[in-house]
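Number of protein chains: 2
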Amino acid sequence: MRQLSRLGLACLLLAAPVRGDEGMWTFDNPPTRRLQERYGFTPTQEWLDKVRLAAVRFMAGGSGSFVSPEGLMLTNHHVGLGCIQNLSTAEKDYVSAGFLAATRAEERACPGYEVNVLVGIEDVTARVLGGVRPGMTDKEAGDARKAAAAAVENDCARRTGLRCDLVSLYQGSEYALYTYRKYTDVRLVFAPEGQAAYFGGDADNFTYPRFNLDVAFFRAYEDGRPARPTSWLRWNRGGAKEGDLVFVPGNPGSTSRHDTVAQLESERDRLLPEALAYYQRRLKVLRDYVARGPENARRAGPSILQLENSFKALSGRLEALRDEPAMAAKRREEEELRRRIAAEPALARETRTAFEDIAAARKRHDARLGEYRYGSFGWSKLLGLAGQLVRYVEETAKPNEQRLDEYIDAALPSLENALFSPAPIHKDLEIVTLTDQLEGAREALGADHPYVKAVLGGRTPAEVAREAVEGTKLDQVAARRALAAGGPAAVRDSTDPMIALARRIDPLGRELRRYDEDQVKAVITRAGERIARARFALHGKTVAPDATFTLRLAYGTVKGYAAHGTRVPPFTTLHGLYDRAAGFSYAEPWSLSPLFREEKDDLELTTPYNFVSDADVIGGNSGSPVIDRAGELVGLIFDGNMESLALDYFYTDETARAIAVDARGILEVVDDVYGADALLQELAGP
Amino acid sequence: MRQLSRLGLACLLLAAPVRGDEGMWTFDNPPTRRLQERYGFTPTQEWLDKVRLAAVRFMAGGSGSFVSPEGLMLTNHHVGLGCIQNLSTAEKDYVSAGFLAATRAEERACPGYEVNVLVGIEDVTARVLGGVRPGMTDKEAGDARKAAAAAVENDCARRTGLRCDLVSLYQGSEYALYTYRKYTDVRLVFAPEGQAAYFGGDADNFTYPRFNLDVAFFRAYEDGRPARPTSWLRWNRGGAKEGDLVFVPGNPGSTSRHDTVAQLESERDRLLPEALAYYQRRLKVLRDYVARGPENARRAGPSILQLENSFKALSGRLEALRDEPAMAAKRREEEELRRRIAAEPALARETRTAFEDIAAARKRHDARLGEYRYGSFGWSKLLGLAGQLVRYVEETAKPNEQRLDEYIDAALPSLENALFSPAPIHKDLEIVTLTDQLEGAREALGADHPYVKAVLGGRTPAEVAREAVEGTKLDQVAARRALAAGGPAAVRDSTDPMIALARRIDPLGRELRRYDEDQVKAVITRAGERIARARFALHGKTVAPDATFTLRLAYGTVKGYAAHGTRVPPFTTLHGLYDRAAGFSYAEPWSLSPLFREEKDDLELTTPYNFVSDADVIGGNSGSPVIDRAGELVGLIFDGNMESLALDYFYTDETARAIAVDARGILEVVDDVYGADALLQELAGP
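These protein sequences, in sequence, are chains A and B. Note that my numbering numbers the first sequence so that position 573 is 573, with each residue one more than the last. Note that my numbering numbers the second sequence so that position 337 is 337, with each residue one more than the last.
Hints were generated in silico from the structure; no laboratory data involved. All values reported here derive from a predicted model rather than from experimental measurement. Some clues are possibly wrong.
[Unchecked claim] Ranges of calculated distance between the beta carbons of each label pair, as one might list FRET restraints:
1. A/Pro507 - B/Ala562: 55 to 61 Å
2. B/Arg19 - A/Leu538: 52 to 58 Å
3. B/Ala291 - A/Ala342: 51 to 57 Å
4. A/Glu344 - B/Pro273: 58 to 64 Å
5. B/Arg19 - A/Leu369: 52 to 58 Å
Think of the CB as a built atom: it goes at the ideal place given N, C-alpha and C, for glycine as much as any other residue.
Turn these sequences into a full structure, and let the hints steer you where they fit.
Below, the structure is given as structure tokens:
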């Protein structure tokens, strides 16, 4: 934790060019001066520590927070959806019906779940970059950096017994070692009916006004007993009001604000169109599957929800990149930066051909885009597990520093937690997804591509998929454990057809990965690092680093915005839920869940339900608490509006808004619709 | 009524190119075939007559309908606003507090109001155009047309005692004589609180979802007794549902769908920008006035509402014309038409230089745009009345066929109704508006312009305005009556300073008007008529004529649309009103009216409140009933969304929607908020 003292220095460097309430700030460099200037508020170190230690990261892909001294955690339904889905069966579908544990004993363990609390941040830039010499090629530099990184993580893990993640900041010009307390016994406490969580479905996703209870409660356990977190957030029953300063601690996934124009153009012209076509394809396959019956709908529904979410998110990002004025501003900014670099001989010497190098590397990436999509294990769960097993036994047999990143000792506990998760796997669905994956590969790469030849061997995708899925035992945790325990020999000799398929794919996937690491990532990292250093030299460290799915602090105010020809209100209320449902005559996805229909008369309908703020948050912040100056919980981030999807590339507070469930709405509904008395009592605090 | 038999012929000509539910159809040419094809519904002659005779036109600028056998009429609050405002005083403000006549005796007469019921349509094209010879100049043709038109109207008025209006259709290629039963004793029965009628104010205007009770009830009287209309609409208590076919009889103001590209471009580049700047100027003046106290706010509030409405409407129209793809389609359409005309020698001969003539005439119009705005009597009420008086005595002394249009015998009763209206005039407000008007003239025309010299005579606008307003007696109806009765001599000798001002302006205004009629309108009418005839020859009469503030029948279905990133619901409910108000913390213009706050618990909040359909309606349709196949009332048009403002130029049913108050919502609120028992009973029908 000593690195938190860097705060002082960083503050001196804070200057003007941050826009509005921009910034996903690291906890060792909070925007103290700006907060003081704009809001007359300075978070104390105690405030920062309390917030940081109450914030959790769900490795399932989101954020959350402790909201009681007994390990109770609040997050989004869609962050916990994997667990809720995995605990469900055809007979008992908690996704649609909701779940409420009346007692601790009824809380149900989430297969494969892991949550993390950030306990330490250490600057390790010198250790990571110390081995990189000026004369090295990009590949050599990359190898040196990788070896140092693995050493740093493993040393840390050995020393502390904690989860240790090396985090690359500012395009790789800085490295921090993040240490986490880790909980792998995570249990479901409460989930509302899916209809209430996803009211409006894909149509309303990324829009506002909204009326969603995208909420779930979990509990962290340690040694079979409820965890006692160091810190937890008090529930503010008064909520926030318009104009209030609010904070959002959470784990934004990734942003590209420091990317070069060449990178953004490739994203706009190649990567995003390809990804959108791919998601559309997957959606079609799953929708066809779902159309065949209600149990199919239950099995694939959550995947469809997530795919639709991704599709709409990427569409919004593509739209943001196609916004010519915004891109023109990016171009001008980059031209200005390059002009200023050129004017300073020392900087010009150090930066060298960084911009050209990145453009060339990105071209190399785009040249094999089809293989990036289809050239490895892909989206079939079983093939993914098989691939992990094949690599697990091979990698763990090597010395630590020679392994692929995700198999170093420090990473193994989390990896094993997922690899041996008892989450159910539906073979009929697996056949459908694997068939589609293999068909997609054949279409994208051509019948003569080595990958296609290796996986199909002249047979049809449907034949290969059916044989592999029907013949495999990998849907059983025991089978996976046995293979992992058996080591390289067991995997090599296995006659499991899915393992056989993964063995054929493995060398091709490794070749592609080496290409990516050496020809693309190593080059972009080194060049990006040079640009970042030039930028620091010219401007100081005035902006937050791009997001990396690590804990950040964003802030902003609760406020509506101008859109749809009028003003959009800062708050919605429960009245609005009933209005919108009735306005569509209760047609899907605007039907009301049964309990919301039944309990309407008990609700105080003017209770604030959702609200918006201009805090700088993006995907990965899902489940983040919204807290006030006192550090108390006033809301729960669950989405951003369409306009906020531009935040991946550019900050704007004009119409981009983060959408939260209001803390008052949660209490009102948990009480009057779900009658969750024990939960309410626990939230009331000791 | 014999001309309704033209129906048969018109039907044969109906062909494909109408888009979706396009069309504001005249009652003698309803879209029978199209209705049958799309909806399996054919309105009978009886149905058409019943609807036509239940529809009323408010000369204040809107539509309405009879909803009881005792002359009760339903329209919008904003159509009746002038009356409600004129009946109000500083002590009793019916605009903000609402008005409810508990008995017939309490119903209050609206100063200067007139409503019309269309009783006859006659094709008089031959009579109007009979005097136009091929060799005539445009001016000669215009004079011949005007003389014939005045004769037709006056003959009709003398013969029938009804209001007789000549209506030019299809750019002047057809003329119809519309005869109206006229009611000038119009009394206010019910108006809700202004806050309920205009919830969301200017911000929400032209947007949807909406939550407005833009409703008022009036009663037509004849000989001091409630009128007994030939037809009236039954109230459908079941309302409409999504997908239902609905009809809107009403009086759309004017459209420009048949205009040439040159006309649209002039509208886009000159007329609309000028008008927007002008409205903004007037709004600023009135807002400054209103800021000086609550009584000022009461006096000018409705004018501000109407100006804001116009400003937003014109902004939307300008945006529509700036939509490049839509304009490109217009251009292609016109090019195609011109190509086809050129390919037919007879058509080419007859059409001649019509497109070039229109473009040239429009240029002449635009060259004197500043004078069109400021070169006559303008927006001061008192100067307007003075100008009318000066012309009234002069014109009525001439033989009918030599008079300005609005002073022919047939027009006089309606004109006098307005001229001698006892509506209050506030001199302090008049000084403000007249000062601004004179200042605007000096800025737009320059100090050396004859108009500016004539009105200011070297003094300041403020001096001239103050002297004229303070010195005039024209705010008294008796003074106006005396001058009118005194004839030309009385007006010539009057020392009333406002009359003196009007006398100085009159010759200049007349010169401009002659210029407009001879150099602009006569040319555009004749050329437009030629183009229209060519279009008929090529396509048949497949589209409805442009709107002319005469009765039309539109139709469409109740349906939501895709916007704001999601779907917009077909209906809103009372729940939504309370949601939106609370979402803004009851800040203006989203505060709740006192009664809506108090009576909330008595309301069934799921009652549909507003709804949208794709019926082809625009300004002037305000107050139109929305009726179902049975001819029963299901709603009340009060607005269109922003997207519908494009309907002035192009029909589209993708997102353009007409917004109505739901008939069920009106009943629910009139009952449970306003407790208007007698009204409810009357609506329940005999």
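Holds or violated: the 55 to 61 Å window for the beta-carbon distance between A/Pro507 and B/Ala562?
About 48 Å separates the Cβ atoms of A/Pro507 and B/Ala562, which means 55 to 61 Å is violated.
Between the beta carbons of B/Arg19 and A/Leu538, is the distance compatible with 52 to 58 Å?
Roughly 57 Å apart at Cβ, these two residues keep to the hinted range, so it holds.
So the hint says 52 to 58 Å: do the beta-carbon atoms of B/Arg19 and A/Leu369 match that?
violated, 41 Å
Range first: 51 to 57 Å. Now tell me if the beta carbons of B/Ala291 and A/Ala342 are that far apart.
holds, 55 Å
When you take the CB atoms of A/Glu344 and B/Pro273, is the distance between them in 58 to 64 Å?
Taking Cβ atoms as reference, A/Glu344 and B/Pro273 lie about 48 Å apart, which means the hint is violated.
Of the hints listed earlier, those the structure fails to meet are numbers 1, 4 and 5, in rising order.
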